[in-house]
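With the hints as extra help, turn the sequences into a complete structure.
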Amino acid sequence: MKNFLKKIFSVLGIQGKLTLIIILLSTLPITLVSIFTVNQEIKYKQEENIRDIKTDVKGLSERTVVFLTRIESEIMLVMKSTETKKILDDLDHNEMIQKQTKEKVEKEFVNILTDNDYYLKINLLNKRGKEIISVFQDQKKPYVVEQRYLSKTPKMFYVSIANEMKSGEINLSPSEIKNPTSNKFIPIIDFILPVYNQNNKLAAILTVNIHAEKLFELLVPSHGTTSKQILIVNGEGFYIFHSERKNNWNSLFTRKFDENIFHDYNQEIAQNILAGKTETTLKQPGRIIQYSPIFSGNQAATNRYFIIEDLSAAEVLPSIQRLKELFTVVIIFVGALSLIIGFWTARRFLRPIKQLILGTQIIRSGNLNYKLEIKTQDELQELVNNFNQLVLEWKNKQLLEKEVRKSEKLIASLTQTATDAILEVDSSGKIIVWNDAASRIFGFSKDEALGNSVFMLIVPERDRSTAKEKVAAFLKNGSDTSLGTTIKINALRKNGEEFPAELSFSSVLMDDQLYATGIIRDITKREKMVADLIEAKEKAEVADRLKSEFLNQMSHEIRTPLNALLNFSDYIHDDLKERDQLTDDINENFNEVKESGARIIRTVELILLMSQIQTGSYENNPRKTNIYDEILKPLSNKYRQVASEKNLEFNVISKSDTPFSYVDPYSVTQILSHLLDNAIKFTNKGSITVEIENNTMQNLVVAIKDTGIGISEAYLPKLFTPFSQEQQGLTRTYDGNGLGLALVKRLCEMNSISIEVTSMKSEGTCFKMIFP
Amino acid sequence: MKKNVILASVIILLSLPITSAGDLKGKIKAEGEGLSDVVVSLAPIEKKNFPAPKETALMDQKNLAFVPHVLPVLIGTKVVFPNSDQTRHSVFSRSKIKKFDFGTYPPGAEKSIICDEAGILTVLCYIHHDMSAYIVVLETPYFAKTNQSGEYTIHNIPPGKYHLTFWHEETEIKSQDIVIPEHGTVTKNISLE
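Going line by line, the protein sequences match chains A and B.
With this note's numbering, you'll find the first sequence wraps up at 786, consecutive numbering, no jumps.
With this note's numbering, you'll find the second sequence wraps up at 238, consecutive numbering, no jumps.
It cannot be assumed that every hint is accurate.
Sample of chain B residues at the chain A side, in silico, Cβ under 10 Å [as the list claims (entries may be wrong)]:
#1 Arg133
#2 Lys143
#3 Thr149
#4 Ser177
Because the hints were derived from the structure by calculation, they are not lab data.
Source: prediction; values computed, not measured.
We put the beta carbon where it would ideally sit given N, CA and C, even for glycine.
Here it is as structure tokens:
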């Protein structure tokens, strides 16, 4: 059901309760008012009609009374005649009635019958119920029953009733008789009138059979074509008269349950009718029923009468029917109109609201750049404007919050991962922030630290008052000399140990409250390391100095005796030569001595030079130098001699007109000497070529090429490392200490000479120097 | 049940002294003609209680009349009032010995009363005012009703002294004592005024 309604609503375009409410609000009041108005009108009309019915029934009752009175007076008039009195007298005495008198009374009765066709029969009974006079009419013709045809059986019913009646009462008893010719039952109303003599004793009984149908037709006015029913029932609820079924009296009297108000009306109405109530009821659906007792009888149930007027509400109240039609039209019209208004209102007010909803959805989904565009020029517009403003503010706030969160995260992360203790205290020194590093450094856990005084916790007792004053001053002024700077303090661990620390201060203003943030670094280890370093440096400096001195001294100590040895060996050589005692073998030995000595001196000089460079005592004095004339020329003279001893060609090719450079000539001499020494040493055949020229950058370039053993590619990078030669150990073919090239490299660096080497194993090597 | 009834009957028969009984018969005249519907009854002078009969008596309604018009019954008899007519009836009585009102009931329906007091019961109908009937409730089972010729017969009357009573709706009750012999028939003709 709910789903079905939802479906219908969605088809109608009603989505959401608000739409429905607006539609209902704009539809219901008008509809309700019109329903109420029309209903009031119908009610009024209905009441008017009911009043008419009441009047009808009342009129019927009144007419009945009038009618009865008329019948009574008619009959009583006869009874009061002198003839009747005579009959009564006769009855009182000997029961013999004079024929003449009898005939006169009979004639009176016949007159009554002739005048009114609703009189069926008039009987005069004696007090024991025996018929004395009987007059009846059939087919509008009156007959007098002859003496011999009078009933022999006493009419005990009338005797019984009459004996119970009081003087002046009339009993009306519904009854039926059978028409002897047609064999049909005729409903009658029996008037029973006890007749009293002068002594007020029952003398006779007058009974009048009145044709019920004819009587009621007289009483009940015709209502044309309406379905108004006039019913008269007895005390048991049986129909005595039924305006609809009057043509079928036989069935009316033979079938009990069908012809009873309990069969046709609901229990309550039927009971009220028989209880003698006078009222109008609408309790029978579709009917208007008015009922009232008539013929005030107080006898047995069958002898009581009730009149019922029953109308079909719809048929009898055509005006109400018309009103109802009008009502339907009005309701449909008003309903439709108000529905249209409702839809219009809903559209008018809900479209912006829907847009608002959509907007909020879009914005909620994260699109804060969405802007609602509604132009209604009313409160909604204002709402939307405010909404847009709100979204903008929110967006800014969100961005801000995002930044704040980011920085908070960063700070938290920094704080927690920092190796330094980070803490924050309020103006009283109470700890608010305490990071993991703080716990590690000071030994207090976060729980132990937070909320406690920073002074009591981590400041040594003797510094506390000073620290307090400082923090107070800092927070009071918002600045301090320590702010932004790092000061050294003494801090206290949980175990009571004091340690040196660095403290950085800063202040934060939050909610009008100043807080101090401090970063404390435990510098115990650093302090120790610095001290150790200084000590080590001092030791190293001393050792270096000692080494240089030692080396100098050692060189000197080696060179001096060696020179002496060499000089004396020369002296002995020369002496032997003068004496011509110098044989080839001895000469060879002298040469060996001389060579070895020179080698030692060269090595020592190298070590000395290296030592001088390393200790910084080497004096490098650059000046404008003619590399060719001042250095290369004298060197080539010397090395041409050496090369020739190994049968090597030695060429110097100068292609430069300006072989100048700003270098230290001693250093360059050393460099070239070493390179030429090496070239000759590692070349066994072929040539040594020295080229000097200016490159495109006008730098002087000196290249020394040999056709020696060459250097393997793998060894080239290690070439300038001290104490290295390609071949190591006892197997090496060439003497040398590996210091030479290292020294060359250092000297080149000192004079801004760039040196590079190219070599091919077994083909030769080329050292190229580019001078500054 | 049937067995019990037979047994009870045997016991009753055995308990009764096997005596001889007489009959009473006669003719009742009024104004020289035989008078019908006269109830003739014999009540033992020595008062005696008779058990209520098991058989019910019938007061039918046919053609707008009670049938019979006069119904004599022994006290304690149940009288049923079937409606055998074409129309409804509303039978009632306002007699001193018993007042009842059956209300209206349709053809085919049946009502009943038990006549538990001796006397005359006038039965009437509210709808049909000419209808009337009499139930004569007697304290003796020895009764008869005169036929159209005014004749009556009471059979098997134990011998003894009795009050002989005549009742007719239009006359007063007449009573005289009578002796019923051991055997034979007593004839009693009466002329009512």
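Hint by hint, here is what the structure shows:
Of the supplied interface hints, the one on Arg133 (chain B) holds, with its beta-carbon coming within about 6 Å of a beta-carbon of chain A, less than 10 Å. A cut of 10 Å between beta carbons decides the hint on Lys143 (chain B): the least distance to chain A is about 14 Å, and the hint is violated. For Thr149 (chain B), the interface hint holds, since its Cβ comes within 10 Å of a Cβ in chain A; the closest pair sits about 5 Å apart. Taken as an interface hint, Ser177 (chain B) checks out: its beta carbon lies about 4 Å from the nearest beta carbon of chain A, inside 10 Å.
Of the numbered hints listed earlier, the single one contradicted by the structure is hint 2.
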